[in-house]
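J.: The listed protein sequences derive, respectively, from chains A and B. Following my numbering, the residues of the first sequence are numbered contiguously, the last one being 376. Following my numbering, the residues of the second sequence are numbered contiguously, the last one being 376.
Think of the hints as simulated: they come from the structure by calculation, not from any bench. Keep in mind that a hint or two might mislead.
You can't tell identical chains apart in this list, so a pair holds if it fits in one copy or across any two.
Derived pair list, reagent style DSS-like, types lysine-lysine, alpha-carbon separation capped at 25 Å [as the list claims (entries may be wrong)]:
(1) Lys200 / Lys375
(2) Lys72 / Lys83
(3) Lys158 / Lys180
(4) Lys275 / Lys179
(5) Lys46 / Lys83
(6) Lys312 / Lys158
(7) Lys47 / Lys275
(8) Lys59 / Lys46
(9) Lys308 / Lys275
(10) Lys46 / Lys204
(11) Lys375 / Lys317
(12) Lys158 / Lys327
(13) Lys244 / Lys158
(14) Lys375 / Lys191
(15) Lys317 / Lys346
(16) Lys200 / Lys179
(17) Lys180 / Lys317
(18) Lys244 / Lys180
(19) Lys46 / Lys308
(20) Lys47 / Lys120
Protein chains: 2
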Amino acid sequence: MEKINRRQFLKKATAATALGSTALMTACATEEKESGAPVVHSGKKFRWNMVTTWPPKFPVLGEGAELFAKWVEEMSGGRLKIHVYGGGELVPALEAFDAVSQGAAEMAHASAYYWAGKAPATQFFSAVPFGMNAQQMNAWLLHGGGMSLWEELYAKFNLVPFACGNTGVQMGGWFRKKINTLADFQGLKMRIPGLGGKVLKKAGGSAILSAGGEIFTNLERGVIDATEWVGPYHDYIMGFPKIAPFYYYPGWHEPSSVLELMVNKSAFDSLPKDLQMMIQTAAARANGWILSTFDAKNTEYLQIIKSENKTQILKFPDEVLAGLKRFSNEVIQELVDTDPFSKKVYESYHRFRENMTAWSNITEKVYYNDIGKM
Amino acid sequence: MEKINRRQFLKKATAATALGSTALMTACATEEKESGAPVVHSGKKFRWNMVTTWPPKFPVLGEGAELFAKWVEEMSGGRLKIHVYGGGELVPALEAFDAVSQGAAEMAHASAYYWAGKAPATQFFSAVPFGMNAQQMNAWLLHGGGMSLWEELYAKFNLVPFACGNTGVQMGGWFRKKINTLADFQGLKMRIPGLGGKVLKKAGGSAILSAGGEIFTNLERGVIDATEWVGPYHDYIMGFPKIAPFYYYPGWHEPSSVLELMVNKSAFDSLPKDLQMMIQTAAARANGWILSTFDAKNTEYLQIIKSENKTQILKFPDEVLAGLKRFSNEVIQELVDTDPFSKKVYESYHRFRENMTAWSNITEKVYYNDIGKM
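So here's chain A without its partners, still in its complex pose:
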């Protein structure tokens, strides 16, 4: 889809959703009051739009968004219908935040680090280099104060956030040359966004921004030397095994990326309580579904990549990981030093992580090293 400018899109979207979200009254006004029974709903119907930062029907992520909408529609018996748009269909992918904040769409499925330009602290709610993994993030968000901080930050933008998926630990990317030492990053042109890109710069490389559709060609033609993307499933679909022989792990820059559902706060507050609870509950279900689906599909496509014998799957050398971790700490420190809300979030994030790691070290870590060894 051809890009038109942002204002045109937002205008178009506003027009579309002003119509789309008109609440229709139905015949039955079920305002029953029974002994202590909650007042349920007025039978109002809602037609909402969800914009996403993924291409339409994008594997796992777009599918998760569609499933979320389906669950809500079925639970509400059709009272809340959500139309899911791919990035660029209603607004360009990276306009999703503004669109929902301003009410041009009622909700979006995205990942919070896309909005670092709005508020740098958003990055802690999706992924920071050498940050927490999925299981730890879920515990922090739910019980370590993470969710409250996220809500506090998003309230400033008239948004309500929900955790709504996780990629799990990602891969480190596709390289045309081997990485043997930290020095091999000198002069390396890699497609890697966000804080990961800043870390790469500290290591002497150049972080190149490429839209999804251009990465393959850029890597093939040597415009870039390397690219990260997600994991075996998405990377295989992108065709990377055809043009880069070295597939590195782990994805130090995204040790788990939380996906978010964000809802326009005024729209959310105007919903009856039962529909609010359905959104919250379906988001939590999608949170688990997306991680499990990534795990299952990545498992399958890792096998396919191996079976084709074109790819060397390699671990970054210890020295390289140690160096990248050092640079990552510097990047996080700079973020925390320059943004007070990031400092506040990082203090909660880091404290929780330190404590939980003591628990992970005698449980999940031992699981992978001993119990589940195959």
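On the provided structure of chain A, position chain B as indicated by the hints.
T.: Structure of chain B alone, referenced to chain A:
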């Protein structure tokens, strides 16, 4: 609560729920049919009972069951109210399966390995020694065929199962003497149920069954030498740090125990589709909530146990884990050899695990060993 015999309880329960689940018609019969809109519901109200295998309001597990009921009630605007009973309140804890199968209660929150006497294959749907962890179990259930097999097995008992929580990797238990070699299990009397108990027997120990309320006294008086329970939070509440100095990890016998929601199939089938979807969605939410809550509380109580300086937290020596794994493989093999459905489930479980472990090894395992090292 004093125990009365099983028949009395089931009779009592049947009487109670026959009343409790009478569907009440409300004033509004919302059988609206709009252009393609699903037929929603007839406004029927359902009053259901959930029995559990936990003591009333039991931390994390009982709390998770109560939350599940709350979410369903709020989403349904009170159309489906679920009363949660602790074990022994309506039926004895270990009668939950029969109670729900026979319709004496509509649902139960439990763990499938309690029903090994009904069908040995149930154990694969909660925990087997040296089995999968939470993240892998979730992926297997959702995308590896696990859930379909579980449904197939439970359908024989007029039950519909849902994954509804996970303990994560448990602890190995509290010991009065150090375990230095596999030989230290010779003659050891340990409270450890199920397949873990069979493994202990192979190692020369005795698996003793104690109800939860008796474990403390038995361990204090030396009737038993060791006990497993869950993790730091529950174990601390039980008082174990006061009477056993050695706290071993990992919980090789339960590397993650799935909790289940089981629903009487006839009752479930009789629900309108929207309420069915709410049950399914709330169960999936509880699935994540319970794991995160275990993680957060165990993190907190591990610190408390450490701060009291009474407990030595020790890892089972490698030789011990290797020996227990060997015995576990024998125990699983015996199970698979003697029960055709267990064989069928194990084939799916084992194949999925083998494939997913290749993925875990380059992601989560590296996370714990390198990225998230603290």
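J.: Should Lys46 paired with Lys83 be assigned to within, between, both, or neither, using CA atoms and 25 Å as the limit?
T.: both (12 Å within a copy, 23 Å between copies)
J.: Between Lys375 and Lys191, at a C-alpha cutoff of 25 Å, which is it: within one copy, between copies, both, or neither?
T.: Classified as neither; 36 Å inside a copy, 28 Å across copies.
J.: Have a look at Lys47 and Lys275 and pick one of within, between, both or neither, based on CA distance no larger than 25 Å.
T.: both (14 Å within a copy, 18 Å between copies)
J.: Using 25 Å as the alpha-carbon threshold, which applies to Lys308 and Lys275: within, between, both, or neither?
T.: neither (49 Å within a copy, 43 Å between copies)
J.: When no copy is specified for Lys375 and Lys317, does a C-alpha distance of 25 Å or less occur within a copy, between copies, both, or neither?
T.: both (18 Å within a copy, 16 Å between copies)
J.: Please work out whether the CA atoms of Lys72 and Lys83 approach to 25 Å or closer within one copy, between two copies, in both situations, or in neither?
T.: Both: 8 Å inside a copy, 23 Å across copies.
J.: Pop the pair Lys47 and Lys120 into one bin, within, between, both or neither, using alpha-carbon distances up to 25 Å.
T.: Classified as neither: same-chain Cα gap 33 Å, cross-chain 46 Å, threshold 25 Å.
J.: Are the CA atoms of Lys200 and Lys179 at most 25 Å apart within a copy, between copies, both, or neither?
T.: within (21 Å within a copy, 52 Å between copies)
J.: Cα distance capped at 25 Å. Does Lys244 pair with Lys158 within a copy, between copies, both, or neither?
T.: neither (45 Å within a copy, 49 Å between copies)
J.: When no copy is specified for Lys200 and Lys375, does a C-alpha distance of 25 Å or less occur within a copy, between copies, both, or neither?
T.: Answer is between: at 22 Å across copies they meet the 25 Å cutoff, but 35 Å inside does not.
J.: Checking an output row: Lys46 and Lys204, CA cutoff 25 Å. Within, between, both or neither?
T.: neither (55 Å within a copy, 64 Å between copies)
J.: With identical chains, the pair Lys317 and Lys346 could be close in the same copy or across copies; at 25 Å between alpha carbons, which is it: within, between, both, or neither?
T.: Neither: 34 Å inside a chain and 36 Å across chains, both beyond 25 Å.
Going down the numbered hints, you'll see the structure goes against 3, 4, 6, 8, 9, 10, 12, 13, 14, 15, 19 and 20, while the others check out.
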